Amino acid sequence: RGLRHLRELRLLRELDLFGNEITGEGLDELRDFEELECLNLDSNDITDESLVHLRGLRSLRELRLSHNEISDAGVVHLRTLTNLRFLSLDRNSAITDASLEQLEVLKGLEVLYVVNTQVTAQGVARLRDALPNLFVLGP
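Using the working numbering, read the sequence shown as starting at 1 and increasing by one per residue.
Simulated restraints on C-beta separations:
| # | residue 1 | residue 2 | range |
| --- | --- | --- | --- |
| 1 | Phe135 | Arg7 | 33 to 39 Å |
| 2 | Ala121 | Leu11 | 40 to 46 Å |
| 3 | Ala98 | Leu9 | 32 to 38 Å |
These are calculated hints, taken from the structure and not from any lab test. None of these values were measured; they are calculated from a predicted model. Beta carbons are placed, not taken as given, at the ideal position from N, Cα and C, and that holds for glycine.
All chains, full assembly: derive it from the sequences and hints.
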């Protein structure tokens, strides 16, 4: 609910919402923030269903989603964020190699954090085949 107060700030380029118990309903308030380039949602209550609200944020270059409740089913919604350069998914224990397959379409992705997930070294190697310039912090 609190994010509705940001409606007048639609030209924001960076927004840090670390540790604010943000949910999917709250993320819906960000749908028209078309200029947003950096979004920190670390340590919130973000779920797979919540991520659908981020699909329209096509200017995003950096997205931090560490320590939430995200699984492979949610990562599918990130495929439209084709300008992403940095993505952190660490400390989401249900993230597996299946998520990495979804990320192969993000050709500009440069940095990916997957520490404390179920991602394997084999999955990372396959992703690096598709994105050879990618730096991965994880297995």
